[in-house]
Each structure stands twice: as structure tokens, then as C-alpha cells.
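Could you put the whole structure together from the sequences, leaning on the hints where they help?
For the sequence shown, our numbering puts the final residue at 85, and the numbers step up evenly by one.
None of these hints come from the bench; they were simulated from the model. Predicted, not measured: the structure shown is a model, and the values here were computed from it. No residue lacks a Cβ here, since even glycine has one placed at the ideal position from N, Cα and C. Treat each hint with caution, since some may be false.
[To be verified] What follows is a list of derived Cβ distance ranges for each label pair:
| id | residue 1 | residue 2 | range |
| --- | --- | --- | --- |
| 1 | LYS53 | ILE27 | 37 to 45 angstroms |
| 2 | ARG39 | GLU19 | 43 to 51 angstroms |
| 3 | VAL58 | GLU22 | 43 to 51 angstroms |
| 4 | LEU55 | ILE27 | 29 to 37 angstroms |
[Said to hold, decoys possible] With a Cα cut of at most 25 angstroms, we get these calculated PhoX-like pairs of lysine-lysine:
| id | residue 1 | residue 2 |
| --- | --- | --- |
| 5 | LYS43 | LYS53 |
| 6 | LYS25 | LYS40 |
| 7 | LYS53 | LYS40 |
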Amino acid sequence: MEPNEEYKQIMQAADENIRRWRKNLKTVDELWTECKRLNLVTSNSLHEKKVTIKPNSCLPAPRKSSKN
Numbered sequence: 018m019e020p021n022e023e024y025k026q027i028m029q030a031a032d033e034n035i036r037r038w039r040k041n042l043k044t045v046d047e048l049w050t051e052c053k054r055l056n057l058v059t060s061n062s063l064h065e066k067k068v069t070i071k072p073n074s075c076l077p078a079p080r081k082s083s084k085n
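What follows is the structure, encoded as C-alpha cells:
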């Protein structure tokens, strides 16, 4: 394989990886936005060091048993 051809293949693979990473980052950003909209997280920024998921934030309240 010619060095120029090998270089082209490496650059093409790198370009494909960058496109995939950008797509994944967009997916993460959309998921984060939806979590904030649904009030499932306490942090305002995905870049903060600590993000807390609110307990039972998406589950219905437990039913009380009525044993008499």
C-alpha cells in the first residue's frame, strides 16, 4: 500500500469516527434536555462534577395497603 493511500484511509476512518462522536453527543444532549424537562435531575449542567438523579421521580407513588 502506498503511503499516500494509507494516509487517505486513516483520514477517512478519523472522519467517520468524528461524525459518529458528533451524532452520539447530539443524542446525549437531547437526552439531557429531556431529563431536565421532566425534572428528573437536580443539576443544571451536564458538565458539573455531580449530577443527582431524583429518587422515584418517574415512578408512581406507592399504594398504601388497606389491611383491616
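Taking the numbered hints from earlier one at a time, note which ones the structure violates and give those numbers from smallest to largest.
2, 4
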